[in-house]
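J.: Full structure from sequences and hints, please.
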Amino acid sequence: MRNRPHLAVWKFASCDGCQLSLLDCEDELLALTEAIEIAHFTEATRTSLPGPYDLSLVEGSITTPVDAERILEVRRQSKVLVTIGACATAGGIQALRNAGNMQDIVAAVYPSPQYIRALATSTPISAHVPVDFELRGCPINKAQLLEVISAFLAGRKPVIPSYSVCIECKRRSNVCVMVQGIPCLGPITHAGCGAICPAYRRGCYGCFGPMESPNAAGLTREWQARGASSLQIKRVLRSFNAAAEAFQAESLKHGD
Amino acid sequence: MTSMPQPGMARCIEPAALQALIDLLAQEGYLIVGPTRQDDAIVYDRIAGLDDLPAGWTDVQAPGHYTLVRRDDDAFFGYAVGPHSWKRFLHPPVETLWRALRDGDSFTLAAPSAPAPRYALFGVRACDLRAIAIQDRVFRDGAHVDHAYADRRRSAFIIAVNCGVAGGNCFCVSMGSGPRADAGFDLALTELIDAAGHRFLLEVGSDAGAALLARIDNVEASMADVDSAKAVVSHTAAHMGRHMETRGLKELLQGQPQHPRWDDVAARCLACGNCTMVCPTCFCTTIEDHGSIDGSSAERVRTWDSCFTLDFSYIHGGSVRTSTRSRYRQWLTHKLAHWIDQFGVSGCVGCGRCIAWCPVGIDITEEVATLRVAVEAGNEAGHEHD
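From first to last, the protein sequence lines stand for chains F and B.
Just so we're aligned: the first sequence equals residues 100 to 355 in this note's numbering.
Just so we're aligned: the second sequence equals residues 2 to 387 in this note's numbering.
Simulated from the structure, these hints should not be mistaken for lab results.
Just so you know, even glycine gets a beta-carbon here, dropped at the ideal spot from N, CA and C.
Heads up, some of the hints might be wrong.
In silico contact screen, one side only, chain B against chain F (beta carbon under 8 angstroms); selected entries [claimed, not checked]:
id, residue
1, A268
2, C273
3, L311
4, T325
T.: Structure, rendered in structure tokens:
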């Protein structure tokens, strides 16, 4: 078999959902394995080929001293490093601890906290090593993952727009839920999901993090005018992308 | 066929005849799209007949607000325009332009698989007829013809409706585009509900419209019906929800690239792009190329784009319009001023969609009015110093 580029998939602090998106590509999986060699992907195979790797997909955030070291080695072994998902690009839901007291949190969760060796913060991969591309989402959209891999194989820029969810929402002819009274993060959220929640008459939860030029203050001002409380606003901005700069800064204006 | 209706003449039909008209269009292979109630809004989607129309409903609209309420009659068309515009059908949001298949060292091009349906657009308002005419100019009538658009347009049958209700965000009178449909349709309806019953005055706008009308039950419109139809339109014209002063507007906007009002609106604008998506004349698109993983095929897809995205103005070295201020100014000044230089008409038809469907309720008429007052006050102050 010809010499295929080697792909590695790495897991840090995460739920594995984004890696599973790769296995979810059932129809495309055969074509994928013909185009690339899966060299390291413990979710899929116990085979692990040594580096270097042509493309590394990195899931999860950095939350322990061990992982802070391990990501340096992953970077050293990877020609191209792409982070996948909200944990790897923004710190994930676990970054909620960044604002709290780590000792208190560990004591509240674990019966024997003395065995826990964790960092006080959950940080994105880009806080530790240079990242070549960040794919957003909680979880990522598998079509976008295939686009990133196809673009890598063809040596072109991936078509992953960073505008608002509203553009996707309108393209699929949804009726705007926010105008109809449902608070929605769509106008300040990065596209990529295909506007799933508004299509089912729910407000956007911001799974893909901030869009390219988020005016979070402008949006929350409107929510408040429509009756949302500071507590509601704070909470909605503190989820999978709580530590993303635009969401974090705005949420802090609505409470600690 | 001595009684064959002619373009320009007025006839009167019963609701049952309107259903017959829809049935005839369906028999002729048209995909009929018209107003229907979905997701608490009146949208444009496939309809089979009068039962699908939002009879007895109307909309209450304001900046950033849209709600449906019951009317006290069963009017089929007793509402203003909703979130969709007809560009959804004539200029679709996602369109595959071509596919390429690898063939050894070469490749072959394949046209998109399914041809576009023949649309019958049912219930098109005057403002939207003007919007279609504007997109015709952009896509069909210039030096570079978009053939797919031209095909969809050529095969479309248009049934207009003269507005019986002015929405809270409507200002077609200011833009000279309504509320009466005067051109660009095959047939035009005016809904009449009074002591004489529920009926429609029907005007013929084309030979195709005349031919269809000849196949349904119709009678000559009485003078009273013609007068009633005129009164419906006059009443709507007199109750516009908004107003935009267009006198000298092009020069006003083109002369104010640095006005502080642009900063004010930029603080409110989310740069989400909703206004451009709902605008019936906004025509900008982007091109995306996708390839299969094995490199055996590729496709080029055209999608609606917006001047509010950073990529829109991306050229070598980065985006030209990085601030929301510059992007909002670009949209507004193009729509209301540069458009006139480019196409000979304003790009705004006064439908009010950008006002209703802005998540934070930015009102284009208010922005223009505020800017005008500020500029004119500044000019007067300047003259006092002279």
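J.: Starting from the hint list further up, note which numbers the structure goes against and sort them upward.
T.: none
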